[in-house]
Amino acid sequence: MRKLLLATALLSASALSAAAQESVEVLHWWTSGGEAAALNVLKKDLEGQGVSWTDMPVAGGGGEQAMTVLRARVTAGNPPTAVQMLGFDITDWASQGALADLNDIAAAEGWDKVVPEALQKFSKYDGKWVAAPVNVHSTNWVWANKKIFDELGIAQPTSWDELVAALDKIKAAGYTAVAHGGQPWQDATIFDAIVLSFGGDFYKKALIDLDPEALGSDTMKQAFDRLAKIRTYVDDNFSGRDWNLASAMVIQDKAGVQFMGDWAKGEFLNAGKKPGQDFLCFRFPGTQGSVTFNSDQFALFKVGEAQRSAQEKLAKAIMNPTFQSAFNVVKGSVPARTDVPDTAFDDCGKKGIKDLAEASASGHLYGSMAHGHAEPAAIKNAIYDVVTAAFNGQYDSAAAVKELVSAVEAAK
Amino acid sequence: MAASSPDTAVRTGRVTRAVIYTALIVFAFYYLLPLYVMLVNSVKPLAEIQGGAMLALPQAFTLAPWQSAWSTAQIGVSPTGLSPYFINSIVMVIPAVAISTILGALNGYVLTKWRFPGSTVVFAMMLLACFIPFQIVLIPMARILGLLGLAGTTSGLVLVHVVYGLGFTTLFFRNYYEAFPTELVKAAQIDGAGFFGIFRRILLPSSGPIIVVTVIWQFTNVWNDFLFGASFSSADSQPMTVALNNLVSSSTGVKEYNVHFAGAIMAALPTLIVYIVSGRYFVRGLMAGAVKG
Amino acid sequence: MAIAADRGHVHSPERSGAMERLQGLLPKIVLAPSFAAIVVFVYGFILFTGYLSFTNSRILPNFDLVGLANYTRLFGQPNWWLALKNLAIFGSLYIVICSVIGLGLAILLDQKIRGEGLLRPIYLYPMALSFIVTGTAWKWFLDPGIGVETIVRSWGFTTFTFNWIKDSQMAIYTVVIAAVWQSSGFVMAMFLAGLRGIDNEMIKAAQIDGASNFNLYRRIIIPQLRPAFLSAFVVLAHLAIKSYDLVIALTNGGPGRATELPATFMYSYTFTRNQMGVGAASAVIMLIMIASVIIPYIYAEVRGGQSNGR
Chain E
1 MRKLLLATAL
11 LSASALSAAA
21 QESVEVLHWW
31 TSGGEAAALN
41 VLKKDLEGQG
51 VSWTDMPVAG
61 GGGEQAMTVL
71 RARVTAGNPP
81 TAVQMLGFDI
91 TDWASQGALA
101 DLNDIAAAEG
111 WDKVVPEALQ
121 KFSKYDGKWV
131 AAPVNVHSTN
141 WVWANKKIFD
151 ELGIAQPTSW
161 DELVAALDKI
171 KAAGYTAVAH
181 GGQPWQDATI
191 FDAIVLSFGG
201 DFYKKALIDL
211 DPEALGSDTM
221 KQAFDRLAKI
231 RTYVDDNFSG
241 RDWNLASAMV
251 IQDKAGVQFM
261 GDWAKGEFLN
271 AGKKPGQDFL
281 CFRFPGTQGS
291 VTFNSDQFAL
301 FKVGEAQRSA
311 QEKLAKAIMN
321 PTFQSAFNVV
331 KGSVPARTDV
341 PDTAFDDCGK
351 KGIKDLAEAS
361 ASGHLYGSMA
371 HGHAEPAAIK
381 NAIYDVVTAA
391 FNGQYDSAAA
401 VKELVSAVEA
411 AK
Chain A
1 MAASSPDTAV
11 RTGRVTRAVI
21 YTALIVFAFY
31 YLLPLYVMLV
41 NSVKPLAEIQ
51 GGAMLALPQA
61 FTLAPWQSAW
71 STAQIGVSPT
81 GLSPYFINSI
91 VMVIPAVAIS
101 TILGALNGYV
111 LTKWRFPGST
121 VVFAMMLLAC
131 FIPFQIVLIP
141 MARILGLLGL
151 AGTTSGLVLV
161 HVVYGLGFTT
171 LFFRNYYEAF
181 PTELVKAAQI
191 DGAGFFGIFR
201 RILLPSSGPI
211 IVVTVIWQFT
221 NVWNDFLFGA
231 SFSSADSQPM
241 TVALNNLVSS
251 STGVKEYNVH
261 FAGAIMAALP
271 TLIVYIVSGR
281 YFVRGLMAGA
291 VKG
Chain V
1 MAIAADRGHV
11 HSPERSGAME
21 RLQGLLPKIV
31 LAPSFAAIVV
41 FVYGFILFTG
51 YLSFTNSRIL
61 PNFDLVGLAN
71 YTRLFGQPNW
81 WLALKNLAIF
91 GSLYIVICSV
101 IGLGLAILLD
111 QKIRGEGLLR
121 PIYLYPMALS
131 FIVTGTAWKW
141 FLDPGIGVET
151 IVRSWGFTTF
161 TFNWIKDSQM
171 AIYTVVIAAV
181 WQSSGFVMAM
191 FLAGLRGIDN
201 EMIKAAQIDG
211 ASNFNLYRRI
221 IIPQLRPAFL
231 SAFVVLAHLA
241 IKSYDLVIAL
251 TNGGPGRATE
261 LPATFMYSYT
271 FTRNQMGVGA
281 ASAVIMLIMI
291 ASVIIPYIYA
301 EVRGGQSNGR
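Chains as they are written, first to last, in full-length UniProt numbering: chain E, 1 to 412; chain A, 1 to 293; chain V, 1 to 310.
Hint data in this document are derived by calculation from the structure and do not stem from the laboratory.
Heads up, some of the hints might be wrong.
[Claimed, not checked] Label pairs and their calculated CB-CB ranges:
no.: 1; chain 1: E; residue 1: D225; chain 2: V; residue 2: V66; range: 36 to 46 Å
no.: 2; chain 1: V; residue 1: V96; chain 2: E; residue 2: K171; range: 52 to 62 Å
no.: 3; chain 1: A; residue 1: P181; chain 2: V; residue 2: A291; range: 29 to 39 Å
no.: 4; chain 1: V; residue 1: Y173; chain 2: A; residue 2: A179; range: 33 to 43 Å
no.: 5; chain 1: V; residue 1: V96; chain 2: E; residue 2: E117; range: 37 to 47 Å
no.: 6; chain 1: A; residue 1: D236; chain 2: E; residue 2: K44; range: 11 to 21 Å
[As the list claims (entries may be wrong)] If you want the footprint, here are the derived chain V segments under chain A, 3+ residues with CB under 8 Å:
no.: 7; segment: 106 to 117
no.: 8; segment: 262 to 270
no.: 9; segment: 287 to 297
Each residue gets a CB set at the ideal place from its N, CA and C atoms; glycine is no exception.
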């Protein structure tokens, strides 16, 4: 029955496209400001090749709204050519047989060699390329206010104990030590970094392999202890705050640090701050050498023969090193290809590119749980529930570990 | 109806009146506060808002956010502002409101003046349809629009809004016509007037207030709808609410609150104007029909 | 009843011929498209959802039956129970407060107020605004670091605290505050309309008997507003059950999951957690709840309509 649904969907899609000239329709949620402008580079590129771009932007909830719309579009038999997608959503759609096979062009362009293996896990399904990755966001960053660090004589912390000492100093000086917004995904971003600080292997066992032993281990209890400790450095008004308002606290010398992915850099730059001069970017203490990531990719849907060549041009354009560099300079992330020169990037960007290449080479590049690259949505949200409850003091660490094990089990 | 005049016969003393005015004004403040927050922040530079002065009057007054929201803000890949989407919404809202109002009027007419066995059940079923949560219809509706070849078209959106507006429009007209003297209808029938003739010459001329109520209700709902607009539109038929959401809720971009607020007020302007212009008819219309059991 | 129903109906005159038969059928023909649309697009879809709730649908609908597994799972979720509890708190407070404020304002506004034309749209306008953005304004306003708390403290009341939105026990009440703001004006309009429809002769007669204003309202005017109360109740109940945008914009279900409602729960399972089966099961429970509130009203509405169909 599902096959039938899809078959009719694809049939009508090709019927629709037969009449049109070369064009692509792209569903995405980069809908405003700089990132939308950056995507325009891609549009211009394609138009240069005679392919017209139909824009289908739908913002909201980190792509949740767009995924809802996508479901309606596919059910209606009218899927877009390409859809911005994250992690397991790609796998889920591929498993429905809805995505195109890009192996020919991937082989011709040598994607296998330039895209990190951890990303390929999502770009490929059943050995076939189904999506073209645009960028890699790494999520285990610390954004620190340099003025406060200098004023209090704090050096860049490299271990948990040093971090605690630094945060104590900042707190004692009357600043908010940690700028944080209490939303489940932000809580989970910190949790990710803490788990990673116990070593990449532990992170992989617990959050990627979901090994019940690791999830229920004493180390996990310590992780929740650390999470609770971080909670004590957060101001009273944290809950519900948007991440960018938390960044603003660091920008305006009100708070010492923020634990957030590399998109936070855009807020700093937009406020006229310079990396290394006004703010510092470094890895969450104890996680240097490892990177947790999420990656925006364009999943390519099956289209009729007539649209096939336009779709291939789109895929090629996305993977073009020039576009990857131009786009990621604006976006704050780093290119999905590891062979893109870093000349156009600022210091934080350069460090990001270097860290990514290192982590990828040493096998310490892991999908971020908080950003849906470690577990499918159902399990991710089950973990969110526990982490958020623990962060808000509803569970102590022992109870949180127990809840974590059972919540993951129930959601599997 | 004839005996009641628009004003109450209740009389009040001077002290009571002072208290009444105070209470009314206090409540007006409660209702206006969020609008105040939106207005003052829509005319401030972004730096002032991020500085934490979200409730203060602007220190440096600027209309740039309004200009940006209307014509230069990035919505998707093109820096068009909200203006093109405004037209999309208008093109969708007018037929959707017109068709659902006309159908509601005819349904109400049949259900009150041409009852047949089972007509009560029909009405009950239509009324219950007002309360279906829209999220559950999304997937099956998409399928049907696809089969009809209406996926991603303005006509498809109009169809959806008409279908899910029918319950309320029928309710409004049915309750209004219920109170309309059946004797007049009978007399016209004896004179040889037909089904549509009676509707056009007898009922329609006195339906003004309820038409206004229905139009306002439908206009507000269709104009403000996001879920259907996002799911069933395509690139060139996306309505205003979808564009506003694209402007406002981008995930990891810089949040320009001043532009967001300007855009939000802009998006609400058509409904606000409709409320202010026809507010008096709205209440008059409700009084004449909609609240009467 | 029988007489009333009779008066509401026009008998087709006893004539014959094809034209006449057509005239007789016309009402049904006119009604048919609307009725068919409702049957397919509402009741058909409800059945479809009911069916989905017994399948293991995830990202897209599928038709593999799994019995009651989704319902078991649904009621095994602490968040679902929390959502139901929140709806009970939110729904009852919202309906009561909106009705009280709406009725109060309507009565006050009915006292031959100068400037009524200005005040009425002020009370009504929140209905016109989309919560996508108004939510941000409310969020700031309720935020202790920016909004009311800071302002009142700056007036010199330094111990004043108003941090409900940050408190998982109290956050649901801030949702009530914003929701009341949005819809109480509309309820006011409904009551105002009801008040304007009341026969003044009756009020004058009571005044001659020496009734105080308070008694006038308590004994004569308010009881006559029964249909308005019923309409208000239904409109509010349906808004309460469907509340989605509001919660998403204001608290996004937080702090933690403290302000989860059935509507947000359903949306998140159906569309973001890729567990469409569980989402459908929660939708079915929601529909049952809606029906249990609405059907008695419809029964009263239909019956009432017939017995006083003047």
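Status of the hints after comparison with the structure:
Between D225(E) and V66(V) the C-beta distance comes to about 39 Å, which sits within the given range of 36 to 46 Å. At about 44 Å, the beta-carbon gap between V96(V) and K171(E) misses the expected band of 52 to 62 Å. For the pair P181(A) and A291(V), the supplied restraint of 29 to 39 Å holds, since their beta-carbon distance comes to about 35 Å. Remark: the range hint 33 to 43 Å for Y173(V) to A179(A) is upheld by a beta-carbon distance near 40 Å.
Under the hint 37 to 47 Å, the C-beta atoms of V96(V) and E117(E), about 59 Å apart, miss the expected range. At about 20 Å, the CB distance of D236(A) to K44(E) agrees with the hint of 11 to 21 Å. Beta-carbon proximity to chain A at under 8 Å applies to 7 residues in the segment 106 to 117 of chain V; the threshold of 3 is reached and the given coverage holds. Taking a C-beta to C-beta cut-off of 8 Å, the segment 262 to 270 of chain V contributes 4 residues in contact with chain A, enough for the three needed, and the coverage statement holds.
A stretch counts as covered by a chain when three or more of its residues have a beta carbon under 8 Å from one of that chain; for the segment 287 to 297 of chain V and chain A the count is 5, and the coverage holds.
Of the numbered hints listed earlier, those contradicted by the structure are 2, 5.
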